[in-house]
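Spelled out from the first residue to the last, the chains are:
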Amino acid sequence: MSNLKKQLPDKIPAGPGKIGSPEYILRLFVTGMLQNSVRAVKNINQICEEHLKGNYSLEIIDIYQQPDLAISEQIIVIPVMIIKHPLPERRIIGDLANVEKVLEVLNCK
Amino acid sequence: MIFNSKQKVTNSKLKKVESGINGFDEITDGGLPANRPTIICGNTGSGKTVMSMEFLVKGAVKYNESGIFISFEETKDELVSNMQSLHFDLNNLIKKKKIYIEYIEIDKDRSFESGKYDLEGLFVRLQHAIKSIGAKRIVLDSLDALFYGLDNNVLRPEIKRLFKWLKEKKITAVITSESDNGFSTKNGLEQYIADCVIALDNRTVNQTTTRRIKIIKMRGPIHGINEYPFSIDTNGISVLPLLSQLANQSLSTVRISTGIKDLDGMLDGKGFFEGSSILVSGSAGTGKTSIAISLINSTCKKKIPGLYCAFEESSSQLMRNMRSIDLNIEPYIKSGILKVYSSRPTIQNLELHLIAIQKIIEEFDPKIIVLDPITNLISEGINSEIRQMLAHFVDFLKGRNITTLFTAAITLETIKSNPSDEGISAMVDTWILVRDIETNSERNRGIYILKSRGMNHSTQVREFVITDNGISLLPIYIGLEGVLTGSAKLENTLRREEQDKLLANEIKGREREIQRKRMVMEEDISVLEARFASEVATLNETNVENELKVKIKEKDKQEIIDLRNRHKSSTGKLKSRNT
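As they're listed, the protein sequences go chains A and B.
Using numbering that gives the first Met the number 0, the letters of the first sequence map in sequence onto residues 0 to 108.
Using numbering that gives the first Met the number 0, the letters of the second sequence map in sequence onto residues 0 to 578.
Chain A extracted, bound-state conformation:
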């Protein structure tokens, strides 16, 4: 679990060229090193890199480490990504393999 944290920083700051808060605020809930979770992390990073061009804030939360967040955010399914911004708040459940779908949801306001 701690390995994962070392691999990826918790927060990726806003890229250059943007003033103010990022357009996309994302929270990905995972369970340690389980298969779906690993894939989800990989996929979201790829999506962020390719499509969001730095205009995002990604938080990866391991519910084994922070079960209270699982309760407060009403997490049942893993992995799940909560799109905090732009509103309305939406969720994408799954390992995010379907990139088309992810983009569709992200672009949909």
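Calculated directly from the structure, the hints in this document are not laboratory data.
There are no misleading hints in this set.
Once the Cα atoms are required to be at most 27 Å apart in a straight line, the calculated BS3-like pairs of lysine-lysine come out as:
(1) 107/B to 75/B
(2) 61/B to 213/B
(3) 115/B to 163/B
(4) 83/A to 115/B
(5) 100/A to 115/B
(6) 83/A to 75/B
(7) 52/A to 115/B
(8) 41/A to 115/B
(9) 107/B to 83/A
(10) 107/B to 41/A
(11) 107/B to 100/A
Here the structure of chain A is known, so what remains is to put chain B in place on it, guided by the hints.
Here is chain B on its own, set in the frame of chain A:
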């Protein structure tokens, strides 16, 4: 089939967890299967949430087992507020960490799918909850919400995984699920949660709401009819544990006095068998209640705890009426040896009364019960369900060795017009009939025993009177017209004596007549004899004459012959005129 209810289950696979719900553990032979999931299914409002919550509450209060309530439909506050009317004291239990409620929201509208997922989030939350209070019981209310919100192909294997996981953790789970038809869930949960399925039903029959609980599936022996009435009141759920097995305890040979000495006399000299059921029937006002009270009075004197269920008179009315015949039961009520359950039968139907009575039996453990009268409870006319319920209730009481007396406004005449009334009489061991005997515009009471299993009972009809000193039986008088009682008896006695006298007189008169006639006849005889004698004499005379005549003729004849001979001999030849 008769099952031995005393048989303890030693097979570890059939280990049970007591639910603590009144009556439920009896019908399930010990409670829910331990460490396994049980499904409670039913239509809306059937009581699934109440029952599952009570499973946790009783677990905490009675058995000191903590429990988790996972609600998929109501928030924690909604749930607690809905349970306010029940005396569960949820807030206190939550504070003491005996119960933990968590609301899990499934929001399909704002969820999108991309790729594979599982239910690990749920697992984490459950684990966290279980650890936080050391839970041994868990409720999931209801799993249908999961099916609605998530892909069933993902869900099913995850649910299997969940129950396997709960089993490893040694937690007994109750799952609720919506059911339309009363025996299967909408989503087919029971296919892979195979251990135990309970169905709750909430239907309306004859404008009365009736609740039923049914054991659809359960491992181990199930004795009983599988469907039981239950009620929900402020203390939670009460199931009426009517089991179809006949009482299998050894029957007592102890006898209980009826409280009326002569009635004891009619019953083998000793009275009723302990644990038997007795029906006292007769038309209104014949004294059935008085007989019932005599019995109660007698048992209370011996400090036997009793329960009197009055469905016609209020408790105070009863006491007042009984005091007038020198039966004072008030001190027994005060001392607590006698409990009175008084209720109008029209307010509730039979099963609710039976449930209430059964609760009192559990708390108070009476050894004798009177139901006075039972006819009001089954006034709808005995349909088969009510009759079955009553029969089971009688068996239940017998199984507890509780002596039971029913009064009923049934007579032999009403049975002719309503044959199902006879059904009650078939259920009881002893049937005493009280009837009016009306003669000379006066009404007296007769009592007789139609049947009493297992003893030599009197077949006589006895007159019984209720006076200021209580009830007593008189010997019966049988006149030419049939059984007689009261003043008619007296009248007949006098009449009889008079008749005897008249008869005696008549006989004397007749005898005299005979004497006279005999004398007359004898006189006649002597006259006849005399006449006879004279006639005989006359006849004899005639005879003599005739004989003389004959003699003379003969003599003459001879003389002529002689003369002729003399002539012949003198002349030699007889000259005849013609030659």
